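Undergrad: For the record, the sequence lines run as chains A and B. Read the first sequence against this note's numbering and you will find it ends at 703, with the numbers running on by one and no gaps. Read the second sequence against this note's numbering and you will find it ends at 302, with the numbers running on by one and no gaps.
Treat the hints as calculated values from the structure; they're not laboratory data. Fair warning: there could be bad hints in the mix.
Said to hold, decoys possible - Cut-off 20 Å, straight-line C-alpha distance, at most; resulting in silico cross-link-like pairs (DMTMM-like, lysine to aspartate or glutamate):
#, chain 1, residue 1, chain 2, residue 2
1, B, 206, A, 399
2, B, 10, A, 596
3, B, 12, A, 485
4, A, 387, A, 399
5, B, 12, A, 585
6, B, 63, B, 269
Nothing here was measured: the structure is a model prediction, and the numbers come from that model.
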Amino acid sequence: MAYTATIDPEAAGKRARAVKSGGAKDARFHGVTLLASVGVVAIFAGVIASLVMGSMPAIKAFGFSFVTSQAWNPVTEKFGALASIYGTLTTSFLAMAMAVPIGIGIAIFLTEICPRPLRRPIGIAIELLAGIPSIIFGIWGLFVFAPAFQATLQPFLIELFANIPVLQALFAGPPYGIGVFTASMILSIMILPFISAVTRDVFNTVPPTLKEAAYAMGCTTWEVMWRVVLPFSRTGVVGGAMLALGRALGETMAVTFVIGNAHHIKTSLFAPGTSISATIANEFSEAVGDLYISSLIELGLILFVITFVVLAIAQLMLGALEKRAGGVAA
Amino acid sequence: MKNMRLYNKRKRRNGFFLTLSVLAALFGLVWLGLILTSLFYNGFSSISGDIFTQMTPAPGAKGGLANAIMGSVLMSTLAVVAGTPIGLMAGTYLAEYGRYARLSFFVRFVNDILLSAPSIVIGLFIFELVVFNNPDSYFERACIGLLGTDYCPLGHFSAIAGALSLTVIVIPVVVRTTENMLLLVPNGLREAAAALGAPRNAVIKAVTWRAARAGIVTGVLLAVARISGETAPLLFTVLGNQFWSKDLTQPMASLPVVIYNFAMGPYEDLHRLAWAGALLITIAVLALSIAARILESSRRS
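For reference, chain A alone in the conformation it holds in the complex:
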């Protein structure tokens, strides 16, 4: 029996129309998604443009001296960012110095030492803590940590280092409780869960065969960590730390509560200071005068540039790791 294909012209036309309209709808949808991703870039460009435009008056008035001057006087309208920049950099680097080794220690604990049934719960707890908003750390720092620190550890440290040449200057002055050191402590506690979570994830990208091979050669756990896992995941660990540094640099609330908001640079870490974000948060809604507002926006611009550089480096390092991990898996 021969099968003869009959083409119903009406159905064919319908199908052709459906294909055509489907194509048009697809093109439209493609356009919408493309527009949205261009929108993301537009937001980024808008942030930069608005910061640059907003800080123009201050850039014109102070020029480069804005970043080298410590002056901050709303009455005479003399503004300089040095004290804020100094505070931002010191608090972030101190926080990193405390949080990175401890964070890596936690990651080693979670990947190698922790009894298996506890690994997931502790890991989840750390991830949950990484999501707690910074204002919580700020309020805790102000009401709980600072008074306790002032009453116990701070006088002890001042006493302890009183006769040691360099440390004597770093840990000098009356115990205020709040100050640059306290802000760094709070900051380091805040970024700790973040560093631990990222580092643990990076450690988990190390192929088990590498570790097993090292164990089979008779390496101790520490040797496996130090000579196999860390070298393999070095870029990722550094990238994760840079990501955390980016957070610490831009962190506002945890710092603003406890740094003391004093526009000067003191050698002592126990003295009150300020940071870029703390200055903006504290003074912005009360700032009057175009030059004052513009100076605060220029501070924001400086902060954005610093964090941009740090985050960009972090992206590149983590991106490189992703490629390599992909290569190993394949």
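Knowing the structure of chain A, use the given hints to seat chain B on it.
TA: Same frame as chain A, now just chain B:
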């Protein structure tokens, strides 16, 4: 015997460093535990029914946080409603149409920067864009012409400005999770749908979105968690309001800003309210993250 010495040395070193890492873990967990304990202790001892029914008080008066809670919920909702579609579309572009496009590499990079950019800078951006608008600008005149002086949000602090700054924070979170989740959808599904003759938009809407739904919802939940404690960008976009206000073009109270103002002030009873607010935010954030986690694991199984 030299071998034995070496062996003992290696063993000692191993024990030493492993002890250090256990101590590091203990140290870190103790701090985090301390924070949570004092938060729950102070928070629960300050919480009462008044929190949910009374307005934020002046110092010395009795009051609650009702207007601040309402403001936070309202602005977060607006931000999620505005930010999710944009983030979803952009994430879809990155994972589907433009997976290997040169533009996508740039968008991914910019998005990841925005994801961790300081939120206070986002606040400055919206301040420049909305609040600090030159009254003579074409932009503002067009807005007033279109909406009338009463409804134009430009030129002053407003809840809309606050919601906008939160939207800018929501978008990158949703973009990132959407892209990641769509990339996990096996290509076989897409090919099967395409083989049936479905155009690409139909494949995406009916197949890949559906397959990645739980993951995408997880991303949205995480975005909500992220913005519910966000303080810095709200300080100079919505300002704050002591009273119950539902007017989006006017300043509005919000929980984080109220916590900040009350905690920085000298009044003991306002400190208690700040603790209560901090506890509410933490519970909300933890609940959202746990919900996201449960969704995620249900997707896996």
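Undergrad: Are the hints correct? Go through all of them and say.
TA: Now for the hints, and whether the structure bears them out:
1. A threshold of 20 Å between alpha carbons decides the hint, and for residue 206 of chain B with residue 399 of chain A the separation of about 11 Å falls inside it, so the pair holds.
2. The suggested pairing of residue 10 of chain B with residue 596 of chain A holds, with an alpha-carbon distance near 12 Å, which does not exceed 20 Å.
3. With a C-alpha separation of about 16 Å, the suggested pair residue 12 of chain B and residue 485 of chain A falls inside the 20 Å cut-off, and the hint holds.
4. For a cut-off of 20 Å, the pair hint linking residue 387 of chain A to residue 399 of chain A stands: about 18 Å separates their Cα positions.
5. Restraint check for residue 12 of chain B and residue 585 of chain A: the C-alpha separation of about 18 Å stays at or below 20 Å, so the hint holds.
6. Between residue 63 of chain B and residue 269 of chain B, the direct Cα distance comes to roughly 12 Å. Compliance with the 20 Å bound is thereby established for this hinted pair.
Figure legend: structure checked against the earlier numbered hints; every hint is met.
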